[in-house]
Amino acid sequence: MNKEEMIIKYLDNQLSAGEKLNFERQLSESAELQSELRKYADIHSLIDELKEIESNQLYFNSVLPRFQRKQKAQSTVFTFKNVGYVFSLVIMFIVSFTVFNLIYQGNESANLIKFAESLTTDEKIELLSTLNGVTTTEYLNKLYSDFYGSNIETGLADISDKNQIAVSYNLDINNIEEIVTDEEFENIYNELLSKSFFTEEKL
Amino acid sequence: MQNNSDDYELVRRFLSGDEQAFNKLAVRYQTRIYWHARRMVGSHDDADEIVQEVLMVMYKKLSTYNFQSSLYTWIYRITSTRSLNLINKNKLKRIISFNSDKDSESSFNDDVIENFEQKEKFNKMEKYLQKLPSKQREVFILRNYDDLSYQEISEITGKSVGALKANYFHAFKKIKDHMEEDE
Numbered sequence: 001m002n003k004e005e006m007i008i009k010y011l012d013n014q015l016s017a018g019e020k021l022n023f024e025r026q027l028s029e030s031a032e033l034q035s036e037l038r039k040y041a042d043i044h045s046l047i048d049e050l051k052e053i054e055s056n057q058l059y060f061n062s063v064l065p066r067f068q069r070k071q072k073a074q075s076t077v078f079t080f081k082n083v084g085y086v087f088s089l090v091i092m093f094i095v096s097f098t099v100f101n102l103i104y105q106g107n108e109s110a111n112l113i114k115f116a117e118s119l120t121t122d123e124k125i126e127l128l129s130t131l132n133g134v135t136t137t138e139y140l141n142k143l144y145s146d147f148y149g150s151n152i153e154t155g156l157a158d159i160s161d162k163n164q165i166a167v168s169y170n171l172d173i174n175n176i177e178e179i180v181t182d183e184e185f186e187n188i189y190n191e192l193l194s195k196s197f198f199t200e201e202k203l
Numbered sequence: 204m205q206n207n208s209d210d211y212e213l214v215r216r217f218l219s220g221d222e223q224a225f226n227k228l229a230v231r232y233q234t235r236i237y238w239h240a241r242r243m244v245g246s247h248d249d250a251d252e253i254v255q256e257v258l259m260v261m262y263k264k265l266s267t268y269n270f271q272s273s274l275y276t277w278i279y280r281i282t283s284t285r286s287l288n289l290i291n292k293n294k295l296k297r298i299i300s301f302n303s304d305k306d307s308e309s310s311f312n313d314d315v316i317e318n319f320e321q322k323e324k325f326n327k328m329e330k331y332l333q334k335l336p337s338k339q340r341e342v343f344i345l346r347n348y349d350d351l352s353y354q355e356i357s358e359i360t361g362k363s364v365g366a367l368k369a370n371y372f373h374a375f376k377k378i379k380d381h382m383e384e385d386e
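Keeping their order, the protein sequence lines are chains B and Y.
If you read the first sequence in this note's numbering, its first letter stands for residue 1, the second for the next number, and so on.
If you read the second sequence in this note's numbering, its first letter stands for residue 204, the second for the next number, and so on.
For the record, the hints were derived by calculation from the structure and aren't laboratory data.
All C-beta atoms in this analysis are idealised placements derived from N, C-alpha and C, irrespective of residue type, glycine included.
Hints may be right or wrong, so weigh each one.
[To be verified] Stretches of chain Y that chain B covers, calculated by requiring three or more beta carbons in the stretch to come under 8 Å of a beta carbon on chain B:
| # | stretch |
| --- | --- |
| 1 | 231–239 |
| 2 | 363–372 |
[What the hints assert, rightly or not] Chain Y residues, not near chain B, derived (Cβ > 10 Å throughout):
| # | residue |
| --- | --- |
| 3 | Ser208 |
| 4 | Arg215 |
| 5 | Arg216 |
| 6 | Ser219 |
| 7 | Lys264 |
| 8 | Thr267 |
| 9 | Tyr268 |
| 10 | Ser272 |
| 11 | Leu335 |
| 12 | Glu358 |
[As the list claims (entries may be wrong)] Partial pick of chain Y residues on the chain B-facing surface, computed with a CB cut under 10 Å:
| # | residue |
| --- | --- |
| 13 | Glu222 |
| 14 | Asn226 |
| 15 | Arg242 |
| 16 | His247 |
| 17 | Asp251 |
| 18 | Leu258 |
| 19 | Lys322 |
| 20 | Phe325 |
| 21 | Asp350 |
| 22 | Ile378 |
| 23 | Lys379 |
| 24 | Met382 |
Could you build all of it, start to finish, from the sequences and the hints given here?
This is the structure in structure tokens:
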């Protein structure tokens, strides 16, 4: 143990009884050691003086009230923060839901168009027949009767009969000008002009 | 030195919802927290900040206090840790802002120390303390100013008693050398 270590341990009460006796004996014999010890002891004395400081009580009286204000403010901020978080979550949820719906609906429309394009005419009619629980025939019947005032089935039957007549007479409607004479054409034309197909209320 | 059973009683009362018990603890320890922090960081403003932080930690974390060690040891541990953190933070600030130690030295013109003679001595000693490495300063302060045993300091710092004694020796020697240089 060197001289300084001995001094510091001596002042710090860290020497054993034997070491202390030995140090004090050396001390009594060495002026240099005494001088060195005094330097360290002076530091010790200075520290002792500074242990109890005459301090401004106004400052220490302000510590707790300031802490309480800070603590109160923090809990208020904490409450506001929590309310803020909940509010933000609700807003985020609504926004996400809306955006998701828009994207989803957009996709759905795109998908529907794609799907419709992929269908044949028959498949489209088949699909339409299931719309709104009304069959295509019923739907068309309604439209037809609203427009012409008669049942489409009857109309279709009429057309069918006329077709049959045409077939039985071996008439080809596309080559009618070859069969019908100019005079007959004139008559048919005049007859058609005089015939009122659509009444005003039907239109 | 400290009345442990009284401290424990106040902690229990506070944990049962008695805010007044916490206030008593705060008033009981605020001076020691302040002076320990002040000697560690060397500035009134920083020490004041640490006092507020330590009280806040006490308020929030007393429920985790296990009653195994003394309350003052627990409080010193918080204060020391906060002080060391602030010292490191300030060091980093100095590096980033390229300021020298001198520029960032605290002003000693605060009004906490009322006695003029004591203030001069305090400032002189504070200057020497600030020249020590923070870990040596911590041991030196806890041992000399707070009169804690090496065992208690070991509980606070988590270092072995042997390492603490070595730190204390180096700190004491450095302070003596600095004082000699100044004379």
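**Report entry** Non-conforming hints, listed in increasing numerical order
**Finding:** none
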